[in-house]
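Protein chains in written order, with the UniProt record's numbering: chain A, 1 to 231; chain B, 1 to 231; chain C, 1 to 231; chain D, 1 to 231.
These are computed hints drawn from the structure, not numbers from a lab.
Check before you lean on any hint, since a few could be wrong.
Where chains are identical, the list cannot tell them apart; a pair therefore holds if satisfied intra-copy or between any two copies.
[As the list claims (entries may be wrong)] As a list, the in silico DMTMM-like pairs of lysine to aspartate or glutamate whose alpha-carbon atoms are at most 20 Å apart:
| hint | residue 1 | residue 2 |
| --- | --- | --- |
| 1 | Lys23 | Asp47 |
| 2 | Lys216 | Asp161 |
| 3 | Lys153 | Asp109 |
| 4 | Lys221 | Asp119 |
| 5 | Lys18 | Glu212 |
| 6 | Lys216 | Glu141 |
| 7 | Lys23 | Asp215 |
| 8 | Lys221 | Glu143 |
| 9 | Lys216 | Asp119 |
| 10 | Lys221 | Asp178 |
| 11 | Lys221 | Glu141 |
| 12 | Lys18 | Asp178 |
| 13 | Lys153 | Glu143 |
| 14 | Lys23 | Asp119 |
| 15 | Lys153 | Asp88 |
| 16 | Lys153 | Glu141 |
| 17 | Lys221 | Glu177 |
4 protein chains.
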Amino acid sequence: MLEQLKAEVYQANLELPKRGLIKYTWGNVSAFDTETQLFVIKPSGVDYATMQPADMVVCNLQGEVVEGSLRPSSDMPTHAVLYQQFGDIGSVVHTHSPWATTWSQSGLDVPAMGTTHADTFYGSIPCARFLNSDEINNDYELETGNVIVETFKNQGINPHDVPAVLLHGHAPFVWGEDCEHAVMNAVVLEEVCKMNIFTRQLNPFAEALPQEILDKHFERKHGANAYYGQN
Amino acid sequence: MLEQLKAEVYQANLELPKRGLIKYTWGNVSAFDTETQLFVIKPSGVDYATMQPADMVVCNLQGEVVEGSLRPSSDMPTHAVLYQQFGDIGSVVHTHSPWATTWSQSGLDVPAMGTTHADTFYGSIPCARFLNSDEINNDYELETGNVIVETFKNQGINPHDVPAVLLHGHAPFVWGEDCEHAVMNAVVLEEVCKMNIFTRQLNPFAEALPQEILDKHFERKHGANAYYGQN
Amino acid sequence: MLEQLKAEVYQANLELPKRGLIKYTWGNVSAFDTETQLFVIKPSGVDYATMQPADMVVCNLQGEVVEGSLRPSSDMPTHAVLYQQFGDIGSVVHTHSPWATTWSQSGLDVPAMGTTHADTFYGSIPCARFLNSDEINNDYELETGNVIVETFKNQGINPHDVPAVLLHGHAPFVWGEDCEHAVMNAVVLEEVCKMNIFTRQLNPFAEALPQEILDKHFERKHGANAYYGQN
Amino acid sequence: MLEQLKAEVYQANLELPKRGLIKYTWGNVSAFDTETQLFVIKPSGVDYATMQPADMVVCNLQGEVVEGSLRPSSDMPTHAVLYQQFGDIGSVVHTHSPWATTWSQSGLDVPAMGTTHADTFYGSIPCARFLNSDEINNDYELETGNVIVETFKNQGINPHDVPAVLLHGHAPFVWGEDCEHAVMNAVVLEEVCKMNIFTRQLNPFAEALPQEILDKHFERKHGANAYYGQN
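Build out the structure end to end from the sequences listed, making use of the hints.
Given below as structure tokens:
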């Protein structure tokens, strides 16, 4: 089932090392099928050199395996929560890309310091809090999803406007309308995390982009009157 | 029309990811034809893997499309202003190359700290101011060009001596006599931006190159008695 | 003898430049055979382009060459000490990978600041002290091994929980159950060394991972109830 | 004439971009022939894609072209001075490799902070002073060579023990017994320049390697009783 989506998820997972976002198997991509309300995800810890599209695992929104002979990524329950809570997102990506992971380890939100950021993310990318004892010891990966959802709710951020989060001490989760856009958003996140750390070092007084430029760049790509690209 | 120039512009755009200056479609190259007073530019947001020379768009100095079935790069009006105002430049390049973008985000000019810089840029590379409300909301890309021109005029810089500018909060624009030199200048800019940030960190008292060495290196490549290369 | 192990050691040595851990011949991998109590190691200073599996050298736990026409890596006696003292480790890797070497030069332990670290290393990676005069002048490479063993003993660290060490002013030694895992651990070490230096720069108040998250991540991959991967 | 040496010099020049030491034509390699007392050097500003071994230029120790239809590298007179003054060095390399150039721009000597350095350079790599007015305006490239020689003489450094120098505000010159070793020394210089800047940032109190470890590592590779490698 969902052969086409499995092929896309397989290809998107291969994009991660190719784009420099992961080494070995340190990441995973999934994609959601609206019709069946199921999602397809990479199996856990399988070598990319031998992995096949048919190895992808199909799961439901309760985080249960529906089809597949291999175990799904251990982060699968986090993906399930995001599909359940974030409306119509089509794909979720998890990586340990070094610059985004550096920000995650620092526990800081990523401010919008330039138009590279504003073209994709409408404002700061939040860093979610550490999980507490109970959350760590009971269903860690599911609670990771819950903490992400809590972060967006508490800070009043629309996950379609800011399709990424950092987990304190861990690494980023990123999403998008489909696999291609979710991976692309993960690349943008990595790039702005790299540039922002050095922007601050170069000029410790550098500030976030003026609101009107943030609006302009996000709107020209994502607004009702978007005029970037061919559509 | 302008088939030869389209082929050159197409090739120069492909150079951008190859030289590590952009990811995906985060940049654009154009080139100017003196005879027809038209320029050729990359279409907006088209995947480099499928893009063809025939997809290039022909525009005039008023920023109007003259030929082409695709929309031109959304930054096209900025290119038009530069061709109109900067005399006989032959090509314009826009990238979000990470180190130059880091300097753009910091809002600082790039000082000439070494001969790598002096071989191409005769003095500091200026960082243009943020656009104001009116400029952002009325013809943003055209006003971006105007702010670049204003920067060079106000600071008394000859755009042939310093073929690059940073836009505060955005990224660089670079130019040259033709596509090949414009891309090369963008590579030099990226390299000096990387080296200068770490030079300052290594020795916060490091200063700009003595004027006589700046003169010597710029002149040996670009002066009347240039003796670098085979011409 | 040990032809299969020679092929593995040969392949693992080629992994070092491929993974960006070394340039030229600045590293070496060895692997241990439990049955014969011998280990196979790269020859000293041989070009990787011409090196063959048959060039690998077989040594015993006393650091003597048992088979091979070439000299073993000059670091061979260090490998011998680690196999002798660290129980059942299957492979040892030495590199001058730049970020781990930077930490070695700084003389600091690498704290566990994120789950990338916790997935492989259970706590800080220690930096061993400089060798003293006697140790430098009498059997330097053997004494290097002894200082590593001393470091783990004095600090009460189990080498299976923390399969890496930094040598002050030198570079890392890393180990694992076999060549593949030892090289992978060297890649993880390099990545966390890169991320931790910038984490500290981004947020000088950033702290080590909470103990419970360290436990969780190490246990889900290496504990009795590990659930990462397919085994 | 000197066809074999031309082939070696050609190959060594191609190594520079391959090893990440230069972009475009920002460097040059030469090699010396003891018998004829001539040296072979890259032509100035020629594209590496089309350059041929026969394009190499033959010069004498007075810095005059002896054979070749193309202009030699503009830095040729610097090479001539080094061959004349530094005894039996076999090859000279000039690059603008980014980390070594960063140190050159900072005007600081590169201290020996680790064994990666000590394996090749016996002590600090000096940064030569800026050229003065007269030197800049009269035979700049020749005077560059003279300033390098002056630096080693004044500081009592043997150019065989420390086969590299930084030029303040410019970039490195490196040498060795032949092309292969000179390029390798340029790679080591680049790597230690990268590592040392971050070592200092990580631990501002980090010091140079103890003298005995510096001795040990330099001697085990270059001393009378060297035991690294197969010779």
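**Asked** Between copies, within a copy, both or neither: which fits Lys153 and Glu141 at Cα up to 20 Å?
**Response** within (19 Å within a copy, 35 Å between copies)
**Message:** One pair to classify: Lys221 and Glu141, alpha carbons no more than 20 Å apart. Within, between, both, or neither?
**Reply:** Between. Shortest inter-copy distance 14 Å satisfies the 20 Å Cα cut-off; intra-copy 33 Å does not.
**Asked** How would you label the pair Lys153, Asp109 (within, between, both, or neither) given a Cα cut-off of 20 Å?
**Response** This pair counts as within: shortest intra-copy Cα distance 15 Å, inter-copy 39 Å.
**Message:** At most 20 Å between CA atoms: does that hold for Lys23 and Asp119 within a copy, between copies, both, or neither?
**Reply:** between (27 Å within a copy, 14 Å between copies)
**Request:** First find the shortest C-alpha distance between Lys216 and Asp119 inside one copy, then the shortest across copies, and answer within, between, both or neither for a cut-off of 20 Å.
**Result:** within (9 Å within a copy, 37 Å between copies)
**Prompt:** Between the shortest in-copy and the shortest cross-copy C-alpha distance, which are at most 20 Å for Lys153 and Asp88: within, between, both, or neither?
**Reply:** The answer is within: 16 Å in one copy meets 20 Å, while 50 Å across copies does not.
**Prompt:** Which holds for Lys153 with Glu143 at a C-alpha limit of 20 Å: within a copy, between copies, both or neither?
**Reply:** within (15 Å within a copy, 38 Å between copies)
**Message:** Regarding Lys221 and Asp119, is the shortest C-alpha distance of 20 Å or less found within a copy, between copies, in both, or in neither?
**Reply:** So Lys221 and Asp119 pass the 20 Å test inside one copy only (6 Å; across, 38 Å).
**Message:** I want to check one pair: Lys221 and Glu177. Are their C-alpha atoms no more than 20 Å apart within a copy, between two copies, both, or neither?
**Reply:** Within. Shortest intra-copy distance 14 Å satisfies the 20 Å Cα cut-off; inter-copy 32 Å does not.
**Message:** With identical chains, the pair Lys23 and Asp47 could be close in the same copy or across copies; at 20 Å between alpha carbons, which is it: within, between, both, or neither?
**Reply:** Classified as within; 11 Å inside a copy, 26 Å across copies.
**Item:** Copy assignment of Lys18 with Glu212, given that the CA separation must stay at most 20 Å
**Value:** Answer is neither: 35 Å inside a copy and 33 Å across each miss the 20 Å cutoff.
**Asked** Is the C-alpha distance from Lys23 to Asp215 at most 20 Å within one copy, between copies, in both cases, or in neither?
**Response** neither (35 Å within a copy, 23 Å between copies)
In summary, the structure is inconsistent with hints 5, 7 from the numbered list given earlier, while agreeing with the others.
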